[in-house]
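**Student:** Each chain, written out:
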Amino acid sequence: MSDLNTAMIERYRTNFLKEVEANVEEGEWVKMCMQCGVCSGSCPLGKFWAHPPQEIFMMIRAGKREEVLSSDSMWMCTSCYNCIVRCPRELPITHIMHGLASYAKRLGLVAANQPTAKFAQLFWNNLMKKGRVNELKLGLALYFMNGFGEGIKIALKKQKLGMNMMKTGRMNPMEILGGHAVKDLSGFQKVIQKAQELEDARIAKHGA
Amino acid sequence: MTEVVATNETILVVGGGISGMTAALEAAETGKQVVLVEKRPYLGGRVSQLYKYFPKLCFPTCGLEINQRRARMNPNLRVLTMAEVTGIKGDKGNYTATVKLSPRYVNGNCTACGDCEKAVSAEFDDEYNYGLGKRKGAYLPYRMAMPTQYVIDPRLIGTEEADKAKAACKYDAVDLEMQEETLDFPCGAVIWATGWQPYDAAKIQPYGYDRFPNVITSVEFERLADPQGPTGGKLVRPSDGKEAKKVAFIQCAGSRDRNHLLHCSRICCMASLKQCTYVADAWGAEAEVSVYYIDMRAIDRFEDFYAKVRGIEQVKFIKSKPASVVADKEGNPVVHGVDTEGYKRFADTFDLVVLAVGMEPSVDKDSFPVDIVLNREGFIEADPGNGGVFAAGCASDALDVNRAVQHATGAALRAIQVVNGAAGVEG
Numbered sequence: 001m002s003d004l005n006t007a008m009i010e011r012y013r014t015n016f017l018k019e020v021e022a023n024v025e026e027g028e029w030v031k032m033c034m035q036c037g038v039c040s041g042s043c044p045l046g047k048f049w050a051h052p053p054q055e056i057f058m059m060i061r062a063g064k065r066e067e068v069l070s071s072d073s074m075w076m077c078t079s080c081y082n083c084i085v086r087c088p089r090e091l092p093i094t095h096i097m098h099g100l101a102s103y104a105k106r107l108g109l110v111a112a113n114q115p116t117a118k119f120a121q122l123f124w125n126n127l128m129k130k131g132r133v134n135e136l137k138l139g140l141a142l143y144f145m146n147g148f149g150e151g152i153k154i155a156l157k158k159q160k161l162g163m164n165m166m167k168t169g170r171m172n173p174m175e176i177l178g179g180h181a182v183k184d185l186s187g188f189q190k191v192i193q194k195a196q197e198l199e200d201a202r203i204a205k206h207g208a
Numbered sequence: 209m210t211e212v213v214a215t216n217e218t219i220l221v222v223g224g225g226i227s228g229m230t231a232a233l234e235a236a237e238t239g240k241q242v243v244l245v246e247k248r249p250y251l252g253g254r255v256s257q258l259y260k261y262f263p264k265l266c267f268p269t270c271g272l273e274i275n276q277r278r279a280r281m282n283p284n285l286r287v288l289t290m291a292e293v294t295g296i297k298g299d300k301g302n303y304t305a306t307v308k309l310s311p312r313y314v315n316g317n318c319t320a321c322g323d324c325e326k327a328v329s330a331e332f333d334d335e336y337n338y339g340l341g342k343r344k345g346a347y348l349p350y351r352m353a354m355p356t357q358y359v360i361d362p363r364l365i366g367t368e369e370a371d372k373a374k375a376a377c378k379y380d381a382v383d384l385e386m387q388e389e390t391l392d393f394p395c396g397a398v399i400w401a402t403g404w405q406p407y408d409a410a411k412i413q414p415y416g417y418d419r420f421p422n423v424i425t426s427v428e429f430e431r432l433a434d435p436q437g438p439t440g441g442k443l444v445r446p447s448d449g450k451e452a453k454k455v456a457f458i459q460c461a462g463s464r465d466r467n468h469l470l471h472c473s474r475i476c477c478m479a480s481l482k483q484c485t486y487v488a489d490a491w492g493a494e495a496e497v498s499v500y501y502i503d504m505r506a507i508d509r510f511e512d513f514y515a516k517v518r519g520i521e522q523v524k525f526i527k528s529k530p531a532s533v534v535a536d537k538e539g540n541p542v543v544h545g546v547d548t549e550g551y552k553r554f555a556d557t558f559d560l561v562v563l564a565v566g567m568e569p570s571v572d573k574d575s576f577p578v579d580i581v582l583n584r585e586g587f588i589e590a591d592p593g594n595g596g597v598f599a600a601g602c603a604s605d606a607l608d609v610n611r612a613v614q615h616a617t618g619a620a621l622r623a624i625q626v627v628n629g630a631a632g633v634e635g
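Chains as they are written, first to last, in the numbering used here: chain P, 1 to 208; chain D, 209 to 635.
Excised from the complex, chain D in its bound form (with noise of 0.2 Å):
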């Protein structure tokens, strides 16, 4: 069974993410006990899912490398992952936990040597890489996994291929009698660090998402850039592999449209950018992008990097919400809609267009397992009336990497007072 040892003193945080793992670390390097739940096999959440930054261009690997080891040195930090919180009950300064954690049917014992593994047969679509590639049925989630701790997908529990993993490993740890376990705990505080989804990008029906193999999401593209990805870093496109050198752009999929999602997902425009940069430097002057947008929002000190890529010659930016994609015979599809500067009609062709799918909170309005306040886009409101919960992060509003680091750590601070509250240090 596992253990947790807590008090209403402890902290604790839901969700592993780049904005759980600071605010985790954050209160944990002051001395309090924190103990962070992750839904995932690993921590880093989709910061780990990047391929690189903006607007420096830099690699998130760079970062989570930092926190992982903060983790793994501080001694007030407890992590379990492949767990969910299912219900919070109590006050601020008096909460129980409930947590449920699912089995990963690999022990503490596990070298990560990759022996079960090579054992297996049977592939599974990799959510890593959005379900681009597929992954074993005894895998490490990716390269960089904390912990390095290998997974047996549960679909291979019951044949014969769990027990040539277990046959595989040398050193005991797959264990294929782990079973679900519930646990309860006290607590002072809660940060809230759920994070963010991507858009369902099939409910923009005039796209196609769902019709065409070739209209793709930029989390997906990004997985593409990645030489980790499924296609070593190779920007091919999914219907026929063929290389993807004139690439579409369209802005607001899914934002800033009333049937869609109310708010501005702020992130999308810089992704975009950044991922015309990876257009430009895989292939050169045969590089033909185009980004569709109805107005750009670099904000502030971004304006620098807009541009940047407005400079580059082969970059086209064209104001624009496209009305429909369609694919022609060879499956290249094709953007239609009025350019709004000049109100010319356009029909242009691509090798793949990518739609810059906008942020929605991953908790559900109805799911939440604590009272909580919500704004009507579904993302928490720092209100009162939440007591000892906070948000940190993208279940807070819709920000990139650098806010969301920012506002984990102010929600660090909040939930450090009330523990500090429980504990009779503060009034």
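This is chain P alone, in the form it adopts within the complex (with noise of 0.2 Å):
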């Protein structure tokens, strides 16, 4: 368990619903559910998920925060949007979730094999480094996040994948020689640096 783990549970110890709405983006909205039901029924892949997304909000309610925060619910959301469209008191449910799972993360409690969280870190790495996506890199990343040997077979079962999207302009073998950037690579450094300092500072404000 993390430091910051330890100090958040000593901090908001039996109101987890607080410790929600200071640290996670959008969490101020978690208490406007009204436990109708209509986002987890309009949730296309809801049923491979251990708790859709109403339920987490009556679990963060009620306390359950382990259970929240270690569930893989909020990594499964696809941004597909359906239950922001159809709640009827305009929770931005995608975002919540969004906002737990980068929460889970900082507080070091993503299980190490988290498929989803594994892919955004190696699309961020990958982003942070042109200020664009690579995409031959990151598609090969993906290939090879499980281990060279099953990075292997992948990479030949989507053989015919690859030089079709080569043919038709759509992928470009050179760019795994470094890629193209941005066209102002700094300016987007310093986006990103300005980015983090408020995100940082919102941090600090809460304690976390």
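Treat the hints as calculated values from the structure; they're not laboratory data. Each hint should be verified, as a subset may be incorrect.
Unchecked claim - What the simulated footprint calls covered on chain D by chain P, stretch by stretch (three residues with Cβ under 8 Å from a Cβ of chain P suffice, anywhere in the stretch; the number is not a length):
id, stretch
1, 517-531
2, 547-555
As the list claims (entries may be wrong) - Just some of the chain P residues that point at chain D, by a computed CB distance under 8 Å:
id, residue
3, G37
4, V38
5, G41
6, K47
7, F48
8, P52
9, Q54
10, E55
11, P88
12, R89
13, K205
Glycine residues also receive a C-beta, built at the ideal position from the N, C-alpha and C atoms.
Two chains, each in its own frame: build the complex with the hints.
**Tutor:** This is the structure in structure tokens:
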């Protein structure tokens, strides 16, 4: 367990809802849920999750801190926005789910092999290098995410797709050599740096 | 030409539904001069389209009959049907109203014998049955219509059908030369009782009201249950006439939803509970009813009725706002969602799905012919800025019949105070 996690447990003790409101992006909306269940019913992947959004919101209110933050539910959200569109109280449900995922990661509570978390990290690392996603490198990183042997297997299986993409100019094999960057890479990095500062300040304000 | 005798001590009531009738009669019975303006060809409004009232399950025809008798007996009341208020000018105690009268093409000689109806063959969607059935081009709007006077549909005018209707009338009651008229008359106070309309269910896209014939609204279901309705009171579904034994009610269809109506429409829970009894009464042990709800709002004394319906074995309550309705190959509607008591997913197949649609004001926010203060839902606020214009019944809020009538009586008293002021009786 991370020190931060211990600190937050100490700080909020029995009130997990307050902790979510202060630390999770859009978390202040959680209390507005009236438990109608339309989000859970509308989620196209809902049956594959442990807890649909409405249940997660109830668990937050019930103080089930560990079950919520270690759940895989918020990692299963594909951002289809069906829930946001149908929510009778206009809760930004998708954003709350991503906020919970991000907070769980900050606290170090994400399972080591959580595939969505792993891929999200690969995507971020890839994006930060050149200010744009290098699809060739990202694709390969995804193939080899779970080891060399499996990577080779997937790569061979997807060979035809790769060839077709190259033929139609959708992928450039030269991108493997560094790849091209956005026009103003240092400007991009400044933007990210500023965003990080704002985020750090926000987190510091709430003590986490 | 239609003449209306009125002064600035006259009270104008806009809308002849249960609220407008009540307000008009209460005021007229105290001796005030009242002009009642109704857009439809008859009085009674949406109450006339109900089969039973909740919670007593008695018939609205009973109360309507009493009100019709009161209206006939009262010399102070002037009723204008097929009439719409298009403008109100002036101030409290001194208004001028402009009213547009649409031609009925039938005059006061009509005895409602029905010969004109038999003579014509053209049929149109029956508004009284929310389009579930057809009516002739010459018609009595419904069995108990007041005035008891036929109407010729304007779409018949200029056709041979209209001439047939005229030829069939033994009483010289059909007048095809009738023209639209505009009247101006004074009044001291106005009671605005334009009521409600069902929320447009087609806007609730996931429930497929516009796509599946076996998804209907609660007001339509009310017509199906009525022995005077399009199916003679048999609960059959629109697509193929199959008996509707397995019925789902979806609550809050449009209400309490920031994508649709912001407010709770108050009546829909009770209306669905009432309609549960229709299904149970019609099919007995074979009935299977499911009510999908967020929370049941059976306020104060209605709690007993809720408990009674809960006790009906064939009626099941599922705490869930369904996510969507789809149709299977046989045209049966399938309701999808998650039961929030236990988070269980369901996909339940029914014969018929009834959407408990909400109430919205029948006059659009932007088309009031008079300056008036509205709340964010479009209902009329009780505001001093409204001068001598007072809302009655559902023009002021989503109300059931009982509360609408109480509210209308209150509005009558306010209007009486204004015209008394105009007459110099009061300050």
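**Student:** Hints first: check each against the structure and report whether it holds.
**Tutor:** Results for each hint:
1. Requiring three or more residues with a Cβ within less than 8 Å of a Cβ of chain P, the coverage given for the stretch 517-531 of chain D holds, as 5 such residues are present.
2. Beta-carbon proximity to chain P at under 8 Å applies to 4 residues in the stretch 547-555 of chain D; the threshold of 3 is reached and the given coverage holds.
3. With 8 Å as the threshold, the beta carbon of G37/P comes within range of chain D, its nearest partner Cβ sitting at about 4 Å, so the hint holds.
4. A least Cβ separation of about 4 Å between V38/P and chain D falls short of the 8 Å threshold, and the interface hint therefore holds.
5. Nearest Cβ of chain D to the Cβ of G41/P: about 3 Å, under the 8 Å cut. The hint holds.
6. Taking 8 Å as the C-beta contact cut-off toward chain D, the hint placing K47/P at the interface holds, the least distance being around 6 Å.
7. Residue-level restraint check for F48/P is violated (minimum Cβ-Cβ distance to chain D is 11 Å; threshold 8 Å).
8. With a cut of 8 Å, the hint placing P52/P at the interface with chain D holds, because the nearest CB-to-CB distance is about 6 Å.
9. For the restraint placing Q54/P at the interface with chain D, the shortest Cβ-Cβ distance is roughly 7 Å, inside the 8 Å limit, so the hint holds.
10. Because the closest C-beta pair between E55/P and chain D is about 5 Å apart, less than 8 Å, the hint holds.
11. At its closest, the beta carbon of P88/P sits 4 Å from a beta carbon of chain D; the interface hint therefore holds under the 8 Å criterion.
12. Taking 8 Å as the C-beta contact cut-off toward chain D, the hint placing R89/P at the interface holds, the least distance being around 6 Å.
13. Checking K205/P against chain D: minimum C-beta separation of about 30 Å lies over 8 Å; hint violated.
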